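Position chain B relative to chain A; hints supplied.
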Amino acid sequence: MKLIAAMSGGVDSAVAAARAVEAGHDVIGVHLALSANPQKYRSGARGCCTIEDSHDARRAADVIGIPFYIWDMAEEFHDGVVEDFLAEYAAGRTPNPCLRCNEKIKFAAVLDRARAMGFDGVVTGHYARTEIGENGKTLHRAVDHSKDQSYVLSVLTVEQIEGAVFPLGDTTKVDIRKEAESRGLAVAQKPDSHDICFVPSGDNAGWLRDRLGSDVGPIVDQSGTKIGEHKGAYTYTIGQRKGLGLTIPTPDGSPRFVLKIEPVTNTVVVGAREDLAVTIMRGERPVWCGPAVDHEHRIGFVQIRAHGAALTCTYFVENGLLVAMLDAPLLGLATGQAMVIYDGDRVVGSATICETQ
Amino acid sequence: MSSIYVDHAATTPMVESALLAMTAQLAQLGNPSSLHTHGRATRKTLEDAREAIAKEIGSLPSEVIFTASGTEANNIALKGLYWAGRKNGKRVVVVSSIEHHAILDPAHWLATHEGAEVIEIPVYADGVIDLVFLRNLVKTRGDEIAVISVMHANNETGAIQPVSEVVAIAGDIPVHTDAVQSFKKVPLSFAQLGVTAMSLSAHKIGGPLGIGALILKRGVEIPSLMHGGGQEREIRSGTLNAPSIVAFATAAASSYYNAGEVAGLRDRFISSVQALIPDAVINALGAERLPGIVNVTFHGTQSDTLLLLMDGQHISCSTGSACSAGVHEASHVLLAMGHNEVTAQSSLRFSFGATSTSSECDFVVSVLPDVIARGRAANLT
Numbered sequence: 001m002k003l004i005a006a007m008s009g010g011v012d013s014a015v016a017a018a019r020a021v022e023a024g025h026d027v028i029g030v031h032l033a034l035s036a037n038p039q040k041y042r043s044g045a046r047g048c049c050t051i052e053d054s055h056d057a058r059r060a061a062d063v064i065g066i067p068f069y070i071w072d073m074a075e076e077f078h079d080g081v082v083e084d085f086l087a088e089y090a091a092g093r094t095p096n097p098c099l100r101c102n103e104k105i106k107f108a109a110v111l112d113r114a115r116a117m118g119f120d121g122v123v124t125g126h127y128a129r130t131e132i133g134e135n136g137k138t139l140h141r142a143v144d145h146s147k148d149q150s151y152v153l154s155v156l157t158v159e160q161i162e163g164a165v166f167p168l169g170d171t172t173k174v175d176i177r178k179e180a181e182s183r184g185l186a187v188a189q190k191p192d193s194h195d196i197c198f199v200p201s202g203d204n205a206g207w208l209r210d211r212l213g214s215d216v217g218p219i220v221d222q223s224g225t226k227i228g229e230h231k232g233a234y235t236y237t238i239g240q241r242k243g244l245g246l247t248i249p250t251p252d253g254s255p256r257f258v259l260k261i262e263p264v265t266n267t268v269v270v271g272a273r274e275d276l277a278v279t280i281m282r283g284e285r286p287v288w289c290g291p292a293v294d295h296e297h298r299i300g301f302v303q304i305r306a307h308g309a310a311l312t313c314t315y316f317v318e319n320g321l322l323v324a325m326l327d328a329p330l331l332g333l334a335t336g337q338a339m340v341i342y343d344g345d346r347v348v349g350s351a352t353i354c355e356t357q
Numbered sequence: 358m359s360s361i362y363v364d365h366a367a368t369t370p371m372v373e374s375a376l377l378a379m380t381a382q383l384a385q386l387g388n389p390s391s392l393h394t395h396g397r398a399t400r401k402t403l404e405d406a407r408e409a410i411a412k413e414i415g416s417l418p419s420e421v422i423f424t425a426s427g428t429e430a431n432n433i434a435l436k437g438l439y440w441a442g443r444k445n446g447k448r449v450v451v452v453s454s455i456e457h458h459a460i461l462d463p464a465h466w467l468a469t470h471e472g473a474e475v476i477e478i479p480v481y482a483d484g485v486i487d488l489v490f491l492r493n494l495v496k497t498r499g500d501e502i503a504v505i506s507v508m509h510a511n512n513e514t515g516a517i518q519p520v521s522e523v524v525a526i527a528g529d530i531p532v533h534t535d536a537v538q539s540f541k542k543v544p545l546s547f548a549q550l551g552v553t554a555m556s557l558s559a560h561k562i563g564g565p566l567g568i569g570a571l572i573l574k575r576g577v578e579i580p581s582l583m584h585g586g587g588q589e590r591e592i593r594s595g596t597l598n599a600p601s602i603v604a605f606a607t608a609a610a611s612s613y614y615n616a617g618e619v620a621g622l623r624d625r626f627i628s629s630v631q632a633l634i635p636d637a638v639i640n641a642l643g644a645e646r647l648p649g650i651v652n653v654t655f656h657g658t659q660s661d662t663l664l665l666l667m668d669g670q671h672i673s674c675s676t677g678s679a680c681s682a683g684v685h686e687a688s689h690v691l692l693a694m695g696h697n698e699v700t701a702q703s704s705l706r707f708s709f710g711a712t713s714t715s716s717e718c719d720f721v722v723s724v725l726p727d728v729i730a731r732g733r734a735a736n737l738t
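As given, the protein sequences belong to chains A and B, one line each in that order. Counting in the numbering used here, the first sequence runs from 1 upward without gaps. Counting in the numbering used here, the second sequence runs from 358 upward without gaps.
Treat the hints with care, as some may be off.
What the hints assert, rightly or not - What follows is a list of derived Cβ distance ranges for each label pair: (1) B:PRO370 - A:ALA292: 58 to 64 Å; (2) A:GLU75 - B:THR368: 28 to 34 Å; (3) B:HIS671 - A:LYS231: 57 to 63 Å; (4) A:MET325 - B:HIS671: 57 to 63 Å.
If you are wondering where the hints come from, they were derived from the structure by calculation, not from laboratory data. Bear in mind that the values here come from a model prediction, so they are computed numbers and not experimental data. Heads up, the beta-carbon is just placed ideally off N, CA and C, and yes, glycines get one too.
If we strip away everything but chain A, and leave its shape as in the complex, we get (with noise of 0.2 Å):
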């Protein structure tokens, strides 16, 4: 197959691309600019976009032997991952950008200019499988639990998984570091990276207090009393219990946690442990990764969190939302993160929380 390797500057995609390389595809290296003013140097925990990992990136194609190009992605990236991550913080949700980038970005703007321009498909370093199947090329978790990316890859259509290739599914990220060691691959022992790729500082609530202002506003108690205030609702997460500043206890003295976020009013509220507890979720705005799921109620797992539990439930679709009801009640879940349904270790689909109960 001619691919096109995403190259970021670290050790997953480097690996990635030398094994495609050598199962004896036509590989082309391509580093995604996603800043339209990137730094100099890598720094923290930072992903791929500084000046820094480009010339790693560089580096690696030219070890392994690939041409190596950068293309601009910034203008896709601001207006498809930054602009939607702050607009639904904006709206009380919270959402998960990595997520959002490969859904409108890696295997959508790159996977379709790939395509027009003659190549077959992309090839990454997400830990996740593929397999063929009765049912077509479908979605795995990878073998490496602990490092599984299936989760951020959920929002792929039956489309782009034809064009996707994960080479590092079946390996284990400690084997990825050594055989990147051994293809003398200078990357080889370069930090993970964790923080979201554009807030350099890691500050994630200093971020989007910088662009979404900070107004303040009630927090509540479910009978609706001011109990405090908070600067700027959005720096909050459903199941929150520090950081709140709340100085009036509660009868019994037990902790208060972030129960709902309503941006309309601007108002946080906060209630006991228990009424956390969510037993049926959601989601709109369905992908399926696979066959599509009907009204049809099956069992599976579904997993709220990019490396949380995979939960028992019972899944199908109803007005077109899917939903998920689980065994065992879940306590903190918020609306805007993805609920991603597993049969087994395959990936269903998934779908935007919208609604908890």
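Using the frame of chain A, we list chain B on its own:
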């Protein structure tokens, strides 16, 4: 499949005689500044080379100052002439809007750090500077101008600039010209042109990378950027790079570049492109141009995509403009000529050189329609 190189304006193969001269000199021991036998031997070879280059460019040997690059020559000239003028209260630096970054960036650095006021001379749609603008500027503010720098020919479009007229308009104001692309491609004489300073680079004419020259009129004293041994007229210090200088001179004296043949290839290429892709726009077509450079705008494409697709066909060409972190930016030259951000990013530069052949030219032409079609399909935004 063998690869095809149509990026000779970026760098061009070394002339074989220059390669031989360089490797022979690399084996010779002696610092040309040393007074002993070894030093004298190197000094003799090096001064022979200086004379050969002076002869080729029409200057005195003492006017040749060796540098490590054309960029360095540009920096010494522009900053030095500015500082010299500033002593007399002249703070205006005039450059054309289509200069190479090796002039534009030092000019703007002088503005940011050294109190200069930079004025850019606009160009017409054909890529040639507006002499009326310059004439008015000199008339109204001539006594404030420290230096005027106008390139001899543009590296992206090949458009030759009216430097003789600039010199006539400038009167007593020092004029520098970046002649890196013109040297050995079109007739060029330092003395006849009458400029104060001129920049040259060896690797554009079949010499090695890492060696250039500033031709600076005898008697003109400017401050130095590089202080030390004072080897080059106290203006440029550093042990002279004898092997590279010898190779530079050998390339300069060789006659391997046949301007007529290269221009023939260029014209063959242009007419083929016009026939196959009728809406392709040849930039600066109305101007007098260097023999080897063609700059084409392919509407509805992005140059970086085209570059990738051409590379996939084993063809090395260029977007012609500077890269920042590898991200292709709209060419300031094309923007100055009236292109918008979109069309300025839809252009490729093809540059032919002494080793280019008509079959190479024809092969490039043969793949273009498919590359342009794919480029248009991939231009999704």
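How the hints compare with the structure:
1. Hint check: PRO370 (chain B) to ALA292 (chain A), Cβ distance near 60 Å, so the stated range 58 to 64 Å holds.
2. One distance hint, 28 to 34 Å for the beta-carbon pair GLU75 (chain A) and THR368 (chain B), holds here, with the actual separation near 32 Å.
3. The hint said 57 to 63 Å for the Cβ distance between HIS671 (chain B) and LYS231 (chain A), and at roughly 59 Å that hint holds.
4. Distance hint check for MET325 (chain A) and HIS671 (chain B): the Cβ-Cβ separation is about 59 Å, which falls inside the suggested range of 57 to 63 Å.
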